[in-house]
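Enquirer: Position 16 of the sequence shown, counting from 1, maps to 16 under the working numbering, and the rest follow consecutively.
Since the hints were derived computationally from the structure, they do not count as laboratory data.
Hints should not be assumed to be uniformly reliable.
Unchecked claim - Dumping the calculated PhoX-like pairs for lysine-lysine here, alpha-carbon to alpha-carbon at most 25 Å:
no., residue 1, residue 2
1, K6, K20
2, K120, K5
3, K151, K120
4, K120, K20
5, K65, K23
6, K6, K129
7, K151, K6
8, K120, K6
9, K5, K129
10, K65, K120
These figures come from a predicted structure and were not determined experimentally.
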Amino acid sequence: LLTTKKERTVVMEQLRPVSKTEKIIFPIIVTVLASFLVPPATALIGCLMLGNLFRECGVVDRLSKTAQNELINIVTIFIGLTVGATASAENFLRIQTIEIIILGMVAFAGGTAGGVLFGKLMYVLTGGKVNPLIGSAGVSAVPMAARVSQKVAQEEMPGNFILMHAMGPNVAGVIGSAIAAGVLLSLYGG
């Protein structure tokens, strides 16, 4: 809707290989910067980056596998049980709940559209080297937003692979969401 066929068929150049050192330094730098810039988000960003560091360092393989599988499943179950047990019908079935859901849908759609428009700006500024579809992945729906960008690109041109390019904005969306959540928790969490 917001892009032309020419823009959707842009083939982006191959990404450079990322060294192991860069993969290890990235979560450390992000955590330190987030701690200085947005202190209330330190716990959320720190946990996110600690999991990344577990996986990339290769030293704590057992902890990494546990965090990726068993631990995440257990935490998900407990969060679901906790929310389900505390969400009584009187508190949940309100017009405010529907308003929040609608606001979330509008924010998600706005974020996606804004990402595509920013992708178009990058397309213009780089002389047509950036596929604007990667901008739609700039929301924190990992990895589905990037997969949708990939699917749309391949529908336009079957040999076009932008998945890894779209994962960059996708991860940026996750980091941005964690920072926003940390700020909101500090302001309204009590």
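Enquirer: Could you run down the list of hints and mark each one as holding or not?
Expert: A quick look at each hint next to the structure:
{"no.": "1", "hint": "K6 - K20", "result": "violated, 36 Å"}
{"no.": "2", "hint": "K120 - K5", "result": "holds, 12 Å"}
{"no.": "3", "hint": "K151 - K120", "result": "holds, 18 Å"}
{"no.": "4", "hint": "K120 - K20", "result": "violated, 32 Å"}
{"no.": "5", "hint": "K65 - K23", "result": "holds, 17 Å"}
{"no.": "6", "hint": "K6 - K129", "result": "holds, 11 Å"}
{"no.": "7", "hint": "K151 - K6", "result": "holds, 16 Å"}
{"no.": "8", "hint": "K120 - K6", "result": "holds, 11 Å"}
{"no.": "9", "hint": "K5 - K129", "result": "holds, 14 Å"}
{"no.": "10", "hint": "K65 - K120", "result": "violated, 39 Å"}
The earlier numbered hints that this structure contradicts are 1, 4 and 10.
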